[in-house]
Amino acid sequence: MFKFPEGLYCDVRIEKVRATFVHYLKGELHEMRERETAGAFVRVFDGKRWYYSSITALDNVQQELDRLAKLAAPSKDIAENKVVKNMAAKKGRPHEFTGKDLRAIPLAEKNAFLASFFPAVTAEKAITMWSAVYSDTFTHKELYNSKGAEFVNEQQLCGVRVLMTLTENGHTFSEAAQKAGGEFSNLTGFRQALDGRIAQSLEFLRGSARVKPGKYTVVLSPLAAGIFAHESFGHKSEADFMLGDETMLKEWHIGRQLGPDFLHITDDGARPGSGFTPYDDEGAPAHKTTLIKNGRLAGRLHSAQTAAAMGEQATGNARAVSFEFEPIVRMTTTHFEAGNMSKEELFAGVDDGLFIDTIKHGSGMSTFTLAPSLAYFIKDGKIAGPAQVSVISGSVFDTFGLIDAISDKVELLSFVGGGCGKMEQWPLMVGFGGPYVRVREMSVL
Amino acid sequence: MINETYTLVKDEVSVKISASAPESLRTKRIKRTGVRVYRDGCIGVSGFMGEDGADEARERAEAALAYKISYPCQPSGKLARSLTIGGKSFTPEALDAEVAALLAALRKEFPQFMFSSPSIKSGTYTEALSNDAGLALFSAITLHEFVFLYKLASSSSIMDGWFAYAGREHDRQAFLAYAAQTLDAYLREVPLPAEGRLPVFCEDSKGLVKQIFARELRGMTFGSGGSLFSGKTGQKLFSENFTLFNSRQEDYMPFFDAEGVCAEGFKYIENGVLRAPFADKKTAAKFDFTPNGSARAEYDGTPSTGEEVMKIKSQAKNIEEMLGGEPAVFVSMASGGDFTSEGGFGTPAQVAFLLKDGKLVGRLPQLQLSSSVYEMYGKDFLGVSSDTVMPLSNSRWLGFLLDVRKM
Numbered sequence: 000m001f002k003f004p005e006g007l008y009c010d011v012r013i014e015k016v017r018a019t020f021v022h023y024l025k026g027e028l029h030e031m032r033e034r035e036t037a038g039a040f041v042r043v044f045d046g047k048r049w050y051y052s053s054i055t056a057l058d059n060v061q062q063e064l065d066r067l068a069k070l071a072a073p074s075k076d077i078a079e080n081k082v083v084k085n086m087a088a089k090k091g092r093p094h095e096f097t098g099k100d101l102r103a104i105p106l107a108e109k110n111a112f113l114a115s116f117f118p119a120v121t122a123e124k125a126i127t128m129w130s131a132v133y134s135d136t137f138t139h140k141e142l143y144n145s146k147g148a149e150f151v152n153e154q155q156l157c158g159v160r161v162l163m164t165l166t167e168n169g170h171t172f173s174e175a176a177q178k179a180g181g182e183f184s185n186l187t188g189f190r191q192a193l194d195g196r197i198a199q200s201l202e203f204l205r206g207s208a209r210v211k212p213g214k215y216t217v218v219l220s221p222l223a224a225g226i227f228a229h230e231s232f233g234h235k236s237e238a239d240f241m242l243g244d245e246t247m248l249k250e251w252h253i254g255r256q257l258g259p260d261f262l263h264i265t266d267d268g269a270r271p272g273s274g275f276t277p278y279d280d281e282g283a284p285a286h287k288t289t290l291i292k293n294g295r296l297a298g299r300l301h302s303a304q305t306a307a308a309m310g311e312q313a314t315g316n317a318r319a320v321s322f323e324f325e326p327i328v329r330m331t332t333t334h335f336e337a338g339n340m341s342k343e344e345l346f347a348g349v350d351d352g353l354f355i356d357t358i359k360h361g362s363g364m365s366t367f368t369l370a371p372s373l374a375y376f377i378k379d380g381k382i383a384g385p386a387q388v389s390v391i392s393g394s395v396f397d398t399f400g401l402i403d404a405i406s407d408k409v410e411l412l413s414f415v416g417g418g419c420g421k422m423e424q425w426p427l428m429v430g431f432g433g434p435y436v437r438v439r440e441m442s443v444l
Numbered sequence: 000m001i002n003e004t005y006t007l008v009k010d011e012v013s014v015k016i017s018a019s020a021p022e023s024l025r026t027k028r029i030k031r032t033g034v035r036v037y038r039d040g041c042i043g044v045s046g047f048m049g050e051d052g053a054d055e056a057r058e059r060a061e062a063a064l065a066y067k068i069s070y071p072c073q074p075s076g077k078l079a080r081s082l083t084i085g086g087k088s089f090t091p092e093a094l095d096a097e098v099a100a101l102l103a104a105l106r107k108e109f110p111q112f113m114f115s116s117p118s119i120k121s122g123t124y125t126e127a128l129s130n131d132a133g134l135a136l137f138s139a140i141t142l143h144e145f146v147f148l149y150k151l152a153s154s155s156s157i158m159d160g161w162f163a164y165a166g167r168e169h170d171r172q173a174f175l176a177y178a179a180q181t182l183d184a185y186l187r188e189v190p191l192p193a194e195g196r197l198p199v200f201c202e203d204s205k206g207l208v209k210q211i212f213a214r215e216l217r218g219m220t221f222g223s224g225g226s227l228f229s230g231k232t233g234q235k236l237f238s239e240n241f242t243l244f245n246s247r248q249e250d251y252m253p254f255f256d257a258e259g260v261c262a263e264g265f266k267y268i269e270n271g272v273l274r275a276p277f278a279d280k281k282t283a284a285k286f287d288f289t290p291n292g293s294a295r296a297e298y299d300g301t302p303s304t305g306e307e308v309m310k311i312k313s314q315a316k317n318i319e320e321m322l323g324g325e326p327a328v329f330v331s332m333a334s335g336g337d338f339t340s341e342g343g344f345g346t347p348a349q350v351a352f353l354l355k356d357g358k359l360v361g362r363l364p365q366l367q368l369s370s371s372v373y374e375m376y377g378k379d380f381l382g383v384s385s386d387t388v389m390p391l392s393n394s395r396w397l398g399f400l401l402d403v404r405k406m
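Taken in order, these protein sequences are the chains called A and B. Here numbering that gives the first Met the number 0 is used: the first residue of the first sequence is 0, the next is one more, and so on. Here numbering that gives the first Met the number 0 is used: the first residue of the second sequence is 0, the next is one more, and so on.
Think of the hints as simulated: they come from the structure by calculation, not from any bench. Ideal Cβ positions, reconstructed from N, Cα and C, are used throughout, including at glycine. All clues stand as given, with none of them false.
Covered by chain A, per the in silico footprint, the following chain B stretches (three or more residues, Cβ under 8 Å):
| no. | region |
| --- | --- |
| 1 | 113-120 |
| 2 | 211-225 |
| 3 | 344-356 |
Cβ-Cβ distance ranges computed for the label pairs, FRET-style:
| no. | chain 1 | residue 1 | chain 2 | residue 2 | range |
| --- | --- | --- | --- | --- | --- |
| 4 | A | Gly195 | B | Gln172 | 58 to 66 Å |
| 5 | A | Gly195 | B | Pro190 | 44 to 52 Å |
| 6 | A | Pro105 | B | Arg171 | 54 to 62 Å |
| 7 | B | Arg171 | A | Glu167 | 56 to 64 Å |
| 8 | A | Lys124 | B | Lys235 | 27 to 35 Å |
| 9 | B | Arg80 | A | Ile104 | 42 to 50 Å |
| 10 | A | Lys99 | B | Gly264 | 51 to 59 Å |
| 11 | B | Lys235 | A | Lys292 | 58 to 66 Å |
Make a model of the complete structure from these sequences and hints.
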């Protein structure tokens, strides 16, 4: 298909995306579009440096390959390079989508589905501003490389989201309800979720009190625990951060004790949902990677390059947010595994603490942060009213050691809108979730 | 019927750095074109990527009129203006050489640090909006974005901090001098003078401290009564010294918004008095606001209100005069903070420096900062300096009195 230049590793990723977007503002149609896009990302590697090009003119792929090759320094030993050895060499089994194709569902049906939720919102007078979105994407990717690999990968995701601002007596509160999945049928049950979220938001609007800054025992919901796992630890397990960094490698050595022995965290690209990645953008198949087992560091997330540098196996985590970018090491669906007690037992062990139900956003660097939306005081093991919290934060080195309970059921969640940001690549679809997680001595503002 | 074309072209080269060495060189040539048609108070939109597809997009946009998406306003017209800002962007070879030279200097002067960067970019970003009502707007902006992440070789963090700028010019020595000031200060640990209310400064481009206005001054929310500031137009809510205005050009954005509205200098808050929310034409028509150059749109999307176009008016004093000989905190990295629904503010400051006489003199411990929107932009507002934080960027020093605690 392409004439790959001699003495270099090359690959070409072609992405064709069909997307639907329906957006209402306070019940009035604001946007309704079906978009088809195509673009290509071209990579050339000479054993030392990578050369990339991102283009929308698909007829120019060969020209870009040749142009990048002129910037590179070909090597007759390129096939022996460890990174190149890690790249796929065979024609892969195509992962063509076999469920109900979102492209076959008429736009009118998607629009009517979204509009069916409006009465639940308009019935509540305190909701002064709201918007509703239906969105879906069907992505077809082709990957060709100079080792002879050819892959076709198709996947889809759809979701519905309602954002609400509630106002009463000079107080305001904003929240959202959403549901997402790989098939249209996965969106069933959204009405129940929306009704519940409206009721919670009203209670928060009418009765929340600002928390006094300090250290608290915090219980994280499956959503909050998922974001906690992602931000506090997941990013540190991405091996590209460790390349050439002896201190990081020593600090994050496999086997290091980070938390209690009932603490397990995994990343799994084969899980259906918004983190589903059957093949990554280098052609590596999905892999379940155990990151923490029995409280000890057990694995890392890799691309072909980072795996080669560390003498480990590629894990199917080389992902690009779109054809505009190169694949870098990213998470897929990352979550705590089930733990050591029931949810009820977990709450019962809190005399004076906080329950974090939903999260506006999080970040993960030396200090991770979570900005809660719906949060509650816990007194004597019981929920004791809504709490306004700006941010909770901590250091992953300390905080994992302060986890003292994890509930015994895992709930995984999918999302549309938003996503994970890493450097310039945002938003990447990922999955979150987990059990309830209890952490002592968390810093709360 | 009015036909309109919205074209966005990104022509960019970037270098990625890993472990203090260049890792990759990337070029981008991305062209997106939106086609809009207006008829009978409605808008139809479609688009295409690359060079081909205009006729088909026009047909789809006309077909989209059947969705009856209301657009009860007149498209912009009878205005032709073209503005090209900045010089030439780097060629791939030149950017590669510049990054190599910067890295060589940094490795030599600061061997105790490791450097990385997701992308050091140089590019020309072109936007054009034209229609058959006489609108012909063109903007080409050449921008350089140099972002270096640093960490001590002995540090077990992903990164310890960054120094960066975005601007129209590049000067190696000026950038290295800025880097040296930051890295020298990072190496010198100093204690926090005291916990409690302290003067705290950050770059005025920092979104964290302004995001409350992005959220609460969104036209639809404001007009619907759902904003913290709804119904308070004309009221003096903040400090006399606080003026928030439209700043597309100061933020390196085209002089026109996605609807062709040019409103540089439009004031949302003037001397502490709330004047107007962010509004695109449709939102403005609905609530009787003034369209104020804050519309944004996907290339193939309906224009809606954007909210990130805002700048705080600077004062006559430079940073040294603002400090008046007193020490202050400069927040270099504060990630993850937010405002509550009631306007309460809290954030960790992962990297903060002690600031004396306009210079960074040492690294403070990690901090927690808190206040509320009415306090920090009211009695505790210290203002924005007349001078920039570093010579290649137009970011200025923005200060507040905040409650400061060690983490």
